[in-house]
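If you're matching them up, the sequences are chains L and Z in order. Per numbering that gives the first Met the number 0, the very first residue in the first sequence carries number 0; after that it's consecutive. Per numbering that gives the first Met the number 0, the very first residue in the second sequence carries number 0; after that it's consecutive.
Just so you know, these hints were derived from the structure itself, not from any lab. Positions of the beta carbon are idealized from the N, C-alpha and C atoms, including for glycine. One or more of the hints may lead you astray.
Only pairs whose alpha carbons sit at most 35 Å apart, straight line, appear in this in silico DSBU-like list of lysine-lysine [what the hints assert, rightly or not]: (1) K217(Z) to K146(L); (2) K158(Z) to K193(Z); (3) K38(Z) to K305(Z); (4) K217(Z) to K197(Z); (5) K201(Z) to K158(Z); (6) K243(L) to K39(L); (7) K146(L) to K38(Z); (8) K308(Z) to K38(Z); (9) K193(Z) to K243(L); (10) K38(Z) to K158(Z); (11) K179(L) to K179(Z); (12) K305(Z) to K179(Z); (13) K243(L) to K197(Z); (14) K158(Z) to K308(Z); (15) K193(Z) to K179(L); (16) K179(L) to K146(L); (17) K201(Z) to K38(Z); (18) K306(L) to K48(L).
One-sided and incomplete, this derived list gives chain Z residues near chain L with beta-carbon spacing under 8 Å [as the list claims (entries may be wrong)]: (19) P56; (20) L60; (21) S96; (22) R101; (23) G106; (24) G109; (25) D225; (26) F264; (27) A265.
Non-contacting residues of chain L with respect to chain Z, defined by C-beta distances greater than 12 Å in every case (computed) [what the hints assert, rightly or not]: (28) M115; (29) A129; (30) S138; (31) K146; (32) N149; (33) E170; (34) C211.
One letter stands for each residue in the lines below.
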Amino acid sequence: MAESTVARTRAKRRGIDPARADEYRGWLRQMILIRRFEEKAGEAYSLGKIGGFCHLYIGQEAVAVGSLATLGPDDYITCSYREHGHALARGIPTRAVMAELFGKAAGCSAGKGGSMHLFDASLGFLGGHAIVGGHIPLSTGMAFAAKYRNTNQVAVCYFGEAAVNNGAFHEALNMAALWKLPAVYICENNRYGMGTALERASAIYDISERACSYDMANEVVDGQDVLVMHAAMDRAVQRARNDKHPTLLEVRTYRFMGHSMSDPIHGHYRTREEVEDQRKRDPIAVWSQRLIAEGLLDEPGLKALNKEVVDEVEDAYQFAEQAPDPAPEELYTHVYAGSSPADPAGPSRPA
Amino acid sequence: MPTLTYRDALNQALREEMQRDPDVFLMGEEVGVYQGAYKVSRGLLDEFGPMRVVDTPITELGFAGVGVGAAMVGLRPVIEFMTWNFALLAIDQLVNSAAKMRYMSGGQIGVPAVFRGPGGSALQLGAQHSQAFESWYAHIPGLKVVMPATPADAKGLLKSAIRDDDPVVFIEGEMLYNLKGEVPEGEHVIPLGKADVKRPGKDVTIVCHSKTVAVALKAAEQLAADGVDAEVIDLRTIRPLDQEAVLGSVVRTHRCVVAEEGWPFAGVGAQVADTIQREAFDELDAPVLRVTGADVPMPYNKQLEKAAKVDPARVIAAVDSVLYRD
């Protein structure tokens with residue numbers, strides 16, 4: 000299947016603005032934090048300290064960092080199950096994210112969500128959601144609420160390219176365009192829905208073209224370049240905030256690891272050569288080299304940054320390991336508002 | 000007290016709640032310009048405008064999800080399903096999103112939404128339009144399931160459902176919309192989770208809800224003529240189930256029949272029967288019997304359809320059995 004030749008807006012490589020050096024270095028720090036965090040999470044998973052599924056984000060860091068940097072404190076964010084990176088980039092404390100992976104009470108979802116369900120309402124981080132595409136209508140609902148209340152908020156939704164083939168995606172984007180909602184849909188196209196390559200699942204190759212069905216603004220974005228990602232997202236957010244028009248961003252990225260910790264980096268569905276080739280555009284290397292080339296960072300500075308981040312991750316790891324489990328009575332809290340429910344099939348009540 | 004139809008009682012509840020709270024809005028297929036497929040939303044578009052009475056495309060999954068998302072950030076949506084049969088397309092949003100959001104966020108995010116519309120069978124609508132799904136939703140921790148049987152209950156329970164901080168599955172009886180009854184004006188609120196004694200009696204307890212309340216009352220009337228004093232308990236809320244009301248009645252009557260429109264397998268009656276045998280086994284003078292819809296997809300043929308439905312004769316037969324009169 001050939002890549003479409005349909006003309007459309009593409010993010011142009013932008014020049015560096017030296018006045019924003021601190022901000023740029025902040026992005027790099029966040030990307031490195033996500034990378035080191037994920038490596039540590041993978042290690043902890045192998046040691047049995049993290050349960051369930053664990054979907055690593057390694058290789059896609061520039062997407063979360065570049066896009067979330069454009070948002071304000073009141074905006075709403077929803078993600079899929081591969082959301083550790085977004086949670087960290089949004090500013091959920093590293094300790095709280097790691098503790099959640101460990102299932103501890105100090106976790107950002109009190110140990111009840113786990114890897115796929117990170118939440119922080121105070122940051123508008125309204126969840127990792129684990130049914131493919133199921134959260135896209137939720138994000139549309141948040142954009143609807145912003146319009147209903149006439150606020151200036153934007154609802155941003157991250158999902159993988161596999162989600163665009165299901166009904167939730169179409170229904171949600173149709174309504175967002177129909178009702179002119181302040182929404183940004185970010186498709187992180189990492190080429191593989193679990194082990195199924197895009198061209199084996201999708202009748203069209205260019206996901207951005209899906210937006211044409213709804214007459215919706217769209218862009219194809221290089222997700223391995225944080226500056227390009229930031230610029231494209233900035234346009235989309237302004238379009239949502241000022242013009243009340245939604246946007247679909249198709250972000251071309253790549254995951255260097257398997258779909259989850261249960262599948263190898265390469266295997267039946269992709270080759271070692273392909274992964275190695277993609278690693279040449281590691282977003283962290285791309286950005287750090289750019290900053291060094293522009294004179295906004297030097298090698299000792301990069302090393303120091305890395306050391307700082309490694310320490311932060313190690314601290315989070317120690318914190319998570321030592322943090323207590325939720326108390327046994329927490330089993331029955333948070334099912335309903337207010338008091339805990341009775342177990343309908345539980346033991347006899349006292350007479 | 001004014002007499003209203005079940006339909007108009009629901010309309011009144013919606014209107015009053017939308018007047019009271021600007022965060023309450025109605026969304027669904029044909030709720031606005033068309034005035035509601037069953038006319039429950041008649042007049043609301045004129046009064047509240049298109050931002051609060053929102054016509055949607057035919058996309059149950061999509062607009063149910065929009066409702067959940069809006070509720071996650073504090074609005075109080077009332078999502079109308081044209082029928083609960085169509086809501087099957089949205090069940091992922093109710094089960095995987097609405098019901099679990101509070102729990103998996105560690106208590107941070109609630110979903111104060113109401114999902115409502117007609118359920119159960121009407122007349123000769125065939126298998127895909129004649130289904131009672133309350134046991135499906137009642138199975139899910141995190142959801143509440145409410146089913147009013149009378150106009151007054153329809154108003155009082157819908158107002159409570161809208162004010163509730165949890166997702167409520169509110170199933171209206173498709174055959175009940177024209178039912179008339181006295182409805183209190185203004186603030187009339189019935190707490191969720193409280194059953195109602197629709198007819199007191201001492202010989203046998205008939206537990207029912209929604210459409211089968213009228214069936215049970217008719218059966219009780221005929222039984223009374225035959226010297227049997229039946230108590231009719233309307234569950235009103237399936238989840239949380241008012242175990243105390245059911246058990247209290249069984250302790251007085253020692254016999255129980257559960258009547259419901261749904262299929263028998265893993266139905267609401269199974270839960271009620273389990274509760275009774277667990278909590279009041281020694282009080283029973285006969286096994287708890289269940290009268291349910293036939294365990295088949297609903298046939299179109301009028302006579303077959305009649306045979307598939309719960310009617311007073313079948314309730315009476317079950318009562319006769321628990322009284323050992325058969």
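Okay, the hints, checked on the actual structure:
For a cut-off of 35 Å, the pair hint linking K217(Z) to K146(L) is broken: about 50 Å separates their Cα positions. Restraint check for K158(Z) and K193(Z): satisfied, since their Cα atoms lie roughly 14 Å apart, inside the 35 Å limit. Our distance criterion of 35 Å between C-alpha atoms is met by K38(Z) and K305(Z), whose separation comes to about 27 Å. With a C-alpha separation of about 12 Å, the suggested pair K217(Z) and K197(Z) falls inside the 35 Å cut-off, and the hint holds.
For the suggested pair K201(Z) and K158(Z), the alpha carbons sit about 32 Å apart, so the restraint of at most 35 Å is met. Taking the CA atoms of K243(L) and K39(L), the gap is near 40 Å; set against the 35 Å cutoff, the hint is violated. Restraint check for K146(L) and K38(Z): the C-alpha separation of about 27 Å stays at or below 35 Å, so the hint holds. Using a Cα cut-off of 35 Å, the hinted pair K308(Z) and K38(Z) holds, with the two alpha carbons roughly 26 Å apart.
This hinted pair does not check out: K193(Z) and K243(L) have alpha carbons roughly 45 Å apart, beyond 35 Å. Taking the CA atoms of K38(Z) and K158(Z), the gap is about 18 Å. The hint holds against a cut of 35 Å. Between K179(L) and K179(Z) the CA atoms are separated by roughly 42 Å; this puts the pair beyond 35 Å, and the hint is violated. Under the criterion of a C-alpha separation no larger than 35 Å, the hint pairing K305(Z) with K179(Z) is consistent with the structure, at around 24 Å.
With a CA separation close to 52 Å, the supplied pair K243(L) and K197(Z) exceeds the 35 Å bound. Distance hint between K158(Z) and K308(Z) is fulfilled; the C-alpha atoms sit about 30 Å from each other, no more than 35 Å. For the suggested pair K193(Z) and K179(L), the alpha carbons sit about 42 Å apart, so the restraint of at most 35 Å is broken. Distance check on the hinted pair: K179(L) and K146(L) sit about 9 Å apart at the alpha-carbon level, within 35 Å; holds.
For the suggested pair K201(Z) and K38(Z), the alpha carbons sit about 40 Å apart, so the restraint of at most 35 Å is broken. For the proposed pair K306(L) and K48(L), the alpha carbon gap of about 24 Å is at most 35 Å, so the pair holds. Proximity of P56(Z) to chain L holds as hinted, the smallest CB-CB distance being about 6 Å (cut-off 8 Å). Nearest Cβ of chain L to the Cβ of L60(Z): about 6 Å, under the 8 Å cut. The hint holds.
This hint holds: S96(Z) has a C-beta 6 Å from the nearest C-beta of chain L, less than the 8 Å allowed. For R101(Z), the shortest C-beta to C-beta distance to chain L is roughly 5 Å, which falls under 8 Å, so the interface hint holds. Here the hint on G106(Z) is kept, as its CB sits about 4 Å from the closest CB of chain L, short of 8 Å. Checking G109(Z) against chain L: minimum C-beta separation of about 6 Å stays under 8 Å; hint holds.
For D225(Z), the interface hint is violated, since its Cβ never comes within 8 Å of a Cβ in chain L; the closest pair sits about 35 Å apart. Interface hint at F264(Z): violated, since its Cβ lies 17 Å from the closest Cβ of chain L, which is beyond the 8 Å cut-off. With its C-beta approaching chain L no nearer than about 12 Å, A265(Z) sits outside the 8 Å limit, and its interface hint is violated. For M115(L), the condition that its CB be more than 12 Å from all CB atoms of chain Z is violated, with the nearest at approximately 9 Å.
In this structure A129(L) is not separated from chain Z by more than 12 Å, as the shortest Cβ-Cβ distance comes to only about 8 Å. Not every CB of chain Z is more than 12 Å from the CB of S138(L) (nearest about 6 Å), against its label as outside the interface. At roughly 8 Å, the least C-beta separation between K146(L) and chain Z is not larger than 12 Å, which violates its mark as non-interface. Look at N149(L): its CB is around 9 Å from the nearest CB on chain Z, not clear of 12 Å, so calling it non-interface is violated.
The non-interface label for E170(L) is inconsistent with chain Z: the shortest C-beta to C-beta separation is roughly 3 Å, within 12 Å. Distance check on C211(L): its Cβ is at least 18 Å (rounded) from any Cβ of chain Z, clearing the 12 Å threshold; non-interface status holds.
In this structure, the hints that do not hold are numbers 1, 6, 9, 11, 13, 15, 17, 25, 26, 27, 28, 29, 30, 31, 32 and 33, in rising order.
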